[in-house]
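Here's the letter readout for the chains.
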Amino acid sequence: MKNFSNTYIFTFSIVMVVIVALLLSLAAMQLKPFQDKNVEVEKKQNILASIRIKSTPKDAVEIYAKYITDSYVVNNKGEKQEGVDAFTVDLKAELGKPAAERVLPVFIGTLDDQTNAFVVPLRGKGLWGPIWGYISLQPDMNTIYGTVFDHQGETPGLGAEISTEWFQKPFMGKTIFKDSTEFVSVKVLKGGAKDDDPHAVDAISGGTITSKALEAMLDSCLVQYKPYFIQNRK
Amino acid sequence: MSILSSKNFKLLSNPLNLENPVTVQILGICSALAVTTKLKPAIVMGLSVIVVTAFSNLVISAMRNYIPPRIRIIVQLVVVATMVILVDQVLRAFVYDVSKQLSVYVGLIITNCIIMGRLEAFAMGNKPWPSFIDGIGNGIGYAIILIVVGFVRELFGSGAVLGIQIIPQSFYDAGYVNNGMMIMPTMALVLVGVIIWIQRSFNKELIEKE
Chain A
-1 MKNFSNTYIF TFSIVMVVIV ALLLSLAAMQ LKPFQDKNVE VEKKQNILAS
49 IRIKSTPKDA VEIYAKYITD SYVVNNKGEK QEGVDAFTVD LKAELGKPAA
99 ERVLPVFIGT LDDQTNAFVV PLRGKGLWGP IWGYISLQPD MNTIYGTVFD
149 HQGETPGLGA EISTEWFQKP FMGKTIFKDS TEFVSVKVLK GGAKDDDPHA
199 VDAISGGTIT SKALEAMLDS CLVQYKPYFI QNRK
Chain B
66 MSILSSKNFK LLSNPLNLEN PVTVQILGIC SALAVTTKLK PAIVMGLSVI
116 VVTAFSNLVI SAMRNYIPPR IRIIVQLVVV ATMVILVDQV LRAFVYDVSK
166 QLSVYVGLII TNCIIMGRLE AFAMGNKPWP SFIDGIGNGI GYAIILIVVG
216 FVRELFGSGA VLGIQIIPQS FYDAGYVNNG MMIMPTMALV LVGVIIWIQR
266 SFNKELIEKE
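From first to last, the protein sequence lines stand for chains A and B. Under the working numbering, the final residue of the first sequence carries the number 232; numbering is consecutive throughout. Under the working numbering, the final residue of the second sequence carries the number 275; numbering is consecutive throughout.
For reference, chain B alone in the conformation it holds in the complex:
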């Protein structure tokens, strides 16, 4: 089996579009609203979720034949929680400023439905390597949406991207004002809605039949 066979590649690419966890399966919305006021926390949050989904999938898949079904949800939770704490500790040690902005939301990755969903739906029934790829794919699918939302919100809410001022001072002098709505979580929801709309207009098969 090659490292990235066409079947495995599908595991990686499907969650980016047709099976996107945020826009198609509508999972993980809560954190997508909370951490996307600025682009940088959105990127770090995306990376953290990629790491957590990938490695939880890997570990659970490796143990899948030894996990007693009666306590499998508990086992999954313990594994996810361990990963999340490790990620949180590493962020605190090496990217302290971002870790402060993300505050409780790193810890709340545990409750991110994408992760438990992938463990139950995929890792419990597949070999470790495909599970790992599936985790990365879903993590990236989540991260992309966060980054797009974070980019738009920071650009229009603060006039900057990654903390660098993009909208020139002359605009402000001419009466341009940052959109305060963009900083509120409401606009993140609206933006996710817009992304879903655009995505569905390109992929007709995603539209529900009446």
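So here's chain A without its partners, still in its complex pose:
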């Protein structure tokens, strides 16, 4: 095998790294619009799913435009804030700020029967990584209309079940206020919730940490909206 000089080795490495860097940045730039589009479509699908409307990646944008009729951001006193597009709010970044400075997105869906559903985003920490979702409330700002939860890497068959229908369905019709004034959120109970308990659903057997994380996420995200809910309930 040939003997290569140190100069050659250095030149070789530098040229190689420059070529690779150019190639990768070019690819990243070319593919960015497609990737951003995918993220946007997924978000729209999730928001739609939380108001119980099914969509596919193909028709999500169209259906979203039809059903989501308004969106805005509020602060933790329930006051509307101007100049921020609710759809582009990065919830992860917002939750890192002090509570008073956060902007909290609200999406308003108009259903087929012309009633409204109010969608708010959720985000929290699961067992292995982030969990997130959307929850929609009926105009009384108390009764849950629909939910959608997702996760990055919860245990398949256990914690990952939060993204399935059997887990999410019992949330429908539960209420987050007790006696219409006290905020109680919805508890995720191990051992099963009582059928007539309006503030609790069943936890996942074997998925205790994810279940508890989801309960904490609901509580911490929804409580920020409490003034907004109280001021706007019908």
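The hints are simulated quantities; they were obtained by calculation from the structure and are not laboratory data. Small disclaimer: the values here were computed from a predicted structure and weren't measured. Please note that the accuracy of each hint is not assured.
[To be verified] Stretch-level coverage of chain B by chain A, calculated; a stretch enters the list once three of its residues show a Cβ under 8 Å from a Cβ in chain A:
hint : stretch
1    : 132 to 140
2    : 155 to 167
3    : 243 to 251
Glycine included, every Cβ here is placed at the ideal spot set by N, Cα and C.
Once you've looked at the hints, dock chain B against the given chain A.
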């Protein structure tokens, strides 16, 4: 030299059976366990690995006379990493849902021993075209195992194939339950073991002499 001479064809067919990277050389097991709960990610993962092994082999083989031996492993890593990032970006742009299921495992193709193994063992000493074929062969050898494991795990773990329900509702009504074990990585290892067993019972030459 014809495009697929008998010698080149061997490069393609050997890794499918007698030199299978997963069942004979026991390489790339980690990802085989992780991405095979469903068939679709297994197929996409298989395709990604085929692309990465084939093109890394091609590039490294084309450069083999110019790579200083002292930094060859680094050069190989850079080439593999570049390929993997490209594949990951393309998946994210065009098959977003699968890319989400595969999550970190696409990135971890870099650590797949099959790829570095083929670069060191083959591409560094052979011409580009045979190296390319060798890469495709080994990629397919890996993909086949993933697909078989993914098929069995999805069928018995979720009662479906490619997301389409196969086991009829009447079975569930009659008391049939999906096998939760199939979703756990353990069963993938057991399945790979079963495949190795079957393969060796057909190919006696693979059995080690005592």
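Cross-check of the supplied hints:
Given a C-beta distance limit of less than 8 Å, the hint that chain A covers the stretch 132 to 140 of chain B holds, as 7 residues qualify and 3 suffice. Counting residues of the stretch 155 to 167 of chain B whose beta carbon lies closer than 8 Å to any beta carbon of chain A gives 6, which meets the minimum of three for the stated coverage. With 3 residues bearing a CB less than 8 Å from a CB of chain A, the stretch 243 to 251 of chain B meets the requirement of three and the coverage assertion stands.
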